[in-house]
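Top line first, the protein sequences correspond to chains A and B. First residue of the first sequence? That's 37 in the working numbering, and the numbers climb one at a time after it. First residue of the second sequence? That's 9 in the working numbering, and the numbers climb one at a time after it.
What the hints contain is simulated information worked out from the structure, not anything from laboratory work. Among the hints, erroneous ones may be present.
As the list claims (entries may be wrong) - Stretch-level coverage of chain B by chain A, calculated; a stretch enters the list once three of its residues show a Cβ under 8 Å from a Cβ in chain A:
#, region
1, 189-195
2, 260-272
Said to hold, decoys possible - If the Cβ cut is set under 8 Å, some of the chain B residues that face chain A in the computed set are:
#, residue
3, Phe45
4, Phe47
5, Leu48
6, Gly159
7, Arg161
8, Leu241
9, Phe244
10, Val255
11, Arg256
12, Pro331
13, Thr333
14, Thr404
All values reported here derive from a predicted model rather than from experimental measurement. Idealized CB from N, CA, C, for every residue including glycine.
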Amino acid sequence: MSARAGMPLTPVERVGAVALGAFAVLVALFLIAPLLAILPLSLSNGEFLVYPIRGLSLRWFDTFFHSERWATAIRNSFFIGSLAAVLATALGTLAAVGLARATFRGRRFVTAVLLSPLIVPIVIYAVGLYFFFARVGLTQTYTGIILAHAALGSPFVVVTVGASLANFDFNLMRAAAGLGASPLHAFRRVMLPIVLPGVVTGALFAFAASFDEVVTVIFLAAPQQRTIPREMFSGIRENISPIIAAASAAMIATAIVLVIAVHWLRRRSLRGRLPT
Amino acid sequence: MALQGMDGAAARALRRDHSRAERRRRLQAIGLVAPLFLFLLFTFVGPIADMLRRSVVDTDLAAIWPRTAAAMHAWDGAGLPPDSAFNALGEDIRDSADAGRVAVAAQRLNYPILGGRSLVMGMARLAGALDGKPPPQGWKAAFLDADPSWGNRDTWVAIRRASGPVTDYFLLNALDLRKDAAGHLHHAPDGIFLSILWRTFSVSGLVTLFALLLGYPLAYVMSHSSRRVAGILTLFVLLPFWTSLLVRTAAWIVLLQDQGIVNKALIAIGLIDHPVRLMFNRVGVVVAMVHVLLPFMVLPLAAVMRGIRPETVRAARSLGAPPWTAFRRIYVPQTMPGVGAGVLLVFISAIGYYITPALVGGADDQMLSYFIAFYTNETVNWGLASALAVVLLGATAVLSMVYARVVSGRGALVG
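Please put together the full structure from these sequences, using the hints given.
Here you go:
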């Protein structure tokens, strides 16, 4: 414990520090153990999502990747997630630059609106969309779900790009303009390289938000638009089998990729910022 | 003074240039923010506002029974309405039955009137047998013959209140309140919503408490350990954070079900001899929700703790404070912004939870969100679904404003 460094520990303190460390490890295990518990079941050759595993097989992964239902769900998840992330990132980046560029009347209110998708209970949003999209003919369409997920993902982009712009010196843009660069050119060559880690991190957050989202899909999707979490929701409710574990394994693998990517980007952007 | 006066013209020109540049910057900023703002207005704020509107705007009945609505608006509410109102309702019921829409009106009256649906449907059957002619004894007598409730002023007050264009019925109902014919508010003894509201808050409170008790020590160790230990612990927090909610909920089913790992382990060590129920009850909901929301507690806590200078605690120790006192009086107060942010973040998220209680909870563990979905999909009582949404969103909005105050300006949301 560096907080205590340099001070000799009494026996009571040492016991306390060990107990504290042990407790923290237990909590960390509480966080990670459920994920570890479900993974081996994906290799079970049985019909039920219970231990013990009697024999190993890849049949559930085979079903997950090759059955019509799950293969469609995988395609849908990546398709909807990517397009929603692109839309959220484009709109969110512009908005974050705008918020950093100048203060204007109503800026606080606008910011609150831009961040509101983070806090509005998802069921309220899903029900509202269900009524609204029914009127404009967007229920049971990919467009509807992509728009919904882009709205839910956009605040992450606003926050991450906003954070990477926190130390941005807008005089650099003025200097670029003075040297004859068009605004778009100045954005691409001066601002974008600096905020890029924030933009990509925001895009990953937006993708993850869509990839994980199930409630709006429950309300809006036709069977052919179901995503992986939507099929898992049905699977858990109707007949729970090791296919859920196989799907979980795939989702956890995706999460690991995302964690590593975000971690790498954060390191990169910190390193880039060190000289300033 | 003289100096200012001398180059006043130049200063004015400079100021004008400056304010022009200022204005251009402001316009650019607004132009950049506008696309997302308009997008969210269309796809987010609009749909939600439209949904909330249904909690007070009540035009279904007036649309189906226009003559009745007009007669009800003309009625002063004293005694029984005039015969013309009976005639209007009779003709409206007959015509709406022909148009196949009477069931919607009957459903609407079934909310405020006990047996309202059968009251209307009975009259619709009777009117259907008349071949488009008015009943021989007149509509009023026909109504009273069919059911004495039609001679009850309460019935007509309920119709009048349902005739739009606005109603307070659904919002009051969401708080277990009823308005009697005289306009006084009463607590509805058969109301379920206050207890659901209480359940939502108590489950969320319990989840927040456990998240704090588990999260605080973890965040402490994360923030004040060697880089390697801190890195590993952070990974243990971030991986579940990035993993799908459905995966984590499914994982808890593997652990908590009757044939699950926890029950098998408890039996194996001889603590119990047959499985105990850990799922489809409050235990399962709280455990799974604590697991899902714990990162939202740990990340803001750790962000604040990393910024605390250890010298402050060391100074207190060297001045003779026992370790516990130094921790309690010096360290804990400095972590309060993180505690506030984490507690509010977890609580705000918890009160809106839907998926986890739906999958690992029992019938008595469902929270407000579940009933909003239920009244939308199952019973199609959209006014009530919307009124419950107003309650939930109101609570969320108030807590969010508190949250914004607590974190004011710090990007604690994403850790």
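Comparing the hints with the structure gives:
1. 189-195: Violated, because only 0 residues of the region 189-195 of chain B bring their Cβ atoms closer than 8 Å to Cβ atoms of chain A.
2. 260-272: holds (count 9)
3. Phe45: holds (6 Å)
4. Phe47: holds (6 Å)
5. Leu48: holds (6 Å)
6. Gly159: Where the cut-off is 8 Å and the nearest Cβ of chain A is about 38 Å from B/Gly159, the hint is violated.
7. Arg161: violated (35 Å)
8. Leu241: Hint holds; B/Leu241 Cβ to chain A Cβ min 5 Å, cut 8 Å.
9. Phe244: holds (4 Å)
10. Val255: Hint on B/Val255: holds, closest Cβ of chain A at ~4 Å, below 8 Å.
11. Arg256: holds (6 Å)
12. Pro331: Status holds, d = 6 Å.
13. Thr333: violated (13 Å)
14. Thr404: holds (6 Å)
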